[in-house]
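Protein sequence lines correspond, in order, to chains A and B. 916 is the number that the numbering used here gives to position 366 of the first sequence; each next residue is one higher, with no gaps. 182 is the number that the numbering used here gives to position 177 of the second sequence; each next residue is one higher, with no gaps.
What the hints contain is simulated information worked out from the structure, not anything from laboratory work. Do not take every clue at face value.
To be verified - Capping the alpha-carbon separation at 27 Å, the derived lysine-lysine pairs in DSSO-like fashion look like this:
id : chain 1 : residue 1 : chain 2 : residue 2
1  : B       : LYS177    : A       : LYS852
2  : B       : LYS106    : A       : LYS852
3  : A       : LYS804    : A       : LYS862
4  : A       : LYS981    : A       : LYS1050
5  : B       : LYS110    : A       : LYS804
6  : A       : LYS775    : B       : LYS110
Just so you know, these numbers come straight off a predicted model, no measurement behind them.
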Amino acid sequence: MMNYFPDEVLEHVFDFITCHKDRNSVSLVCKSWHRIERYSRRRVFIGNCYSISPERLIARFPGVKSLTLKGKPHFADFNLVPYDWGGFVYPWIKVLAETGIGLEELRLKRMVVSDESLELLSKSFVNFQSLVLVSCDGFSADGLAAIAANCRFLRELDLQENEVDDHRGHWLSCFPESCTSLVSLNFACLKGEVNLGALERLVSRSPNLKSLRLNRSVPLDTLQKLLMRAPQLVDLGIGSYVHDPLSEASNKLKHAIQRCKSIMSLSGFLEVAPRCMSAIYPICGNLTTLNLSYAPGIHGNKLTKLIQHCRKLQRLWILDCIGDKGLGVVASTCKELQELRVFPSDPFGAGNDAVTEEGLVLVSAGCPKLNSLLYFCQQMTNAALITVAKNCPNFIRFRLCILDPVRPDPVTNQPLDEGFGAIVQSCKQLKRLSLSGLLTDQVFLYIGMYAEQLEMLSIAFAADSDKGMLYVLNGCKKLRKLEIRDCPFGNAALLEDVGKYETMRSLWMSSCEVTLGGCKTVAENMPSLNVEIINESGQTVFNLDEGQKVDKMYLYRTLVGHRKDAPESNQTYLKCRGDLTRSDHHEPSLNDMIKDMKLKNISGDDDFIISESNNFKLQSQLFEKEEAEIMILKWKRL
Amino acid sequence: MEGSVAYDNDLNLKATELRLGLPGTHEEQQAVSSSTVRNNKRPNGESDARNETAPPPKAQIVGWPPIRSYRKNNSQPKKTESEGVGIYVKVSMDGAPYLRKIDLKVYSGYPELLQAVENMFKFTIGEYSEREGYKGSDYAPTYEDKDGDWMLVGDVPWEMFITSCKRLRIMKGSEARGLGCGV
């Protein structure tokens, strides 16, 4: 009966399906669903900007309004990728502008964003509302000025941890008086001084403002005035928090803060005089998110006292100066805690305050809802990890970084294989895992065996042989991103199953044992993969011979072949034999294709990339014959 | 096959004494494991540097620990935020039984400072004018500067003041009036 619904009805039903994975699944059911979904899709996520082109994006989704793009590989965050590697957003904005797309939202991560792009963006899309830049670079205050001045209906300007070239504050004064639509403004990562009067007026005329994160230059008395004008705030990032607790300014602040009954998220304290924390206590009871990871000035008793007021906390980001004892306070206070991140306050020292396995065990015992962890610590034991695994079987993200990269269990002197093994065995929903410490091939055997839902794995200074990598590639069926540095994995591991890489977004290997020859073999056999080699030792790749190891290899699936914007000097693509669209494929049967699809678990992917590929166009045509039956089956699964 | 690296359990070879860092600082275990890590790799600048003296191995490994560079560049070490960096001066008030101490760094200017002092000792200072000093009350805020002279608070720019002020004294009564209040 379902095939007789008019398109509008199906479209209305699809409106309720917002998750990317589900929409991708919907699009594979049959030809008519593919078509309806296509035209009604508003939000698109592209996990690797080089996996597809803006032209093809628009051809598939002409009604796109919100685009999320990610550029550089994750390890670029740690300076492992040359600054000129790529990830430019300009070509995307240009094409979107030229084809008249009604873009309203752009979310970018690890991309190069020039002032020119921001200017073009601000002038090309009348209804542009939301710009979110995370860990991007390439722009200055001038680009921001263009956004402020030209985006008449701007609702969101959210700048998170970007490296900005210049920090002048003039951009904030560029918001016209007519701009009253702001809901979210986050400029905490900028260093420049903004015009405080302009800021106050902007906040005054933004009745919908819910999220405001200030930078270091905004002083306390301005903060107090802003809070008085925006008591409806839900998310606050404090810039400078320096005052004498006995002063009038402090009293005024207390009064202003108390009026803000909706604040649930607090961050910043970029400059802080810790004696004044008591002014914050009245709002602590409502906080669900607290980020003090940029506030080393709050530590010791001041920190623990603050946390003791935060009984509803679900997400806590903190520095390791909290110490194991402080984590004990977290464990006894924050019973709703789901996410904990503990960053090192002194990455290169052996700080006395730093946390150890004890703190983690305390939190795991006290916070049963814990499901996401990023933990930098001095040491870890197998016993502790086993206890944590028992206490918290719900981990979705488990990222452990022992500061000394190959440190064994200090009590037993053993590798941490058993500890991590316990984590993957117990946490059946684990999607992301980062390993550290001394590790042999054994831990990878466990990961391959137990980590069935694992999507992202980060490995450094681990394993004994190719077997480690093979266990993972063979075992983790849902693996999407694998990033490896300084491990003894070579060509045997790389080449065992190159088809696997088509089911993944990307593979990064640096300071491993793979050679130019190995990389070439992958490239020559897999036209759907780009294989990039980055050699920083000053030697161009062309001078390497096949037996030489490559410094860094980054391979990723793509539908659009080699990119044209790679820096020539230290990088290359390995060209594949033959064409991307060669027609000498034998036609697979429907059964083969379904089996293939199941094995590769492709339809569940966030990215729509694979559903785009030629194989699936063919498949949808075949589906149309058995439309009704298939629809009902798929509907149930959704 | 070239992929395999035999990682022997070198951890027990304390006798190797491949120590990095100053003697007595790191545990031997840490130093040994870090220096033997992946030594079979082709030599590059990093591993050579690691075998030299002084800085701990972690400081030499590119991209380790894996912290976003924005965070690395924007996290000040705890020490500069500690209270030891404040400029603490004694504050005495004529007639008060004991002195107080305040941190001049906490204030951004004279009005804030004076208000704080007023609150501390529960009195009012009066209006400052360049010509006449503090009018309208019995009190005058003064400070001892680097030369040992007693000066009226407010005459010099704030930045100059906080670097030259050694202690504060709230003068009362006739002594206060004698400081050029023009009465």
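Hint check results:
1. LYS177/B x LYS852/A: violated (38 Å)
2. LYS106/B x LYS852/A: holds (21 Å)
3. LYS804/A x LYS862/A: holds (21 Å)
4. LYS981/A x LYS1050/A: holds (18 Å)
5. LYS110/B x LYS804/A: Satisfied, since the Cα-Cα distance of roughly 21 Å is no more than 27 Å.
6. LYS775/A x LYS110/B: Cα-Cα ~22 Å, so holds.
In the structure shown, a violation is registered for the earlier hint numbered 1 alone.
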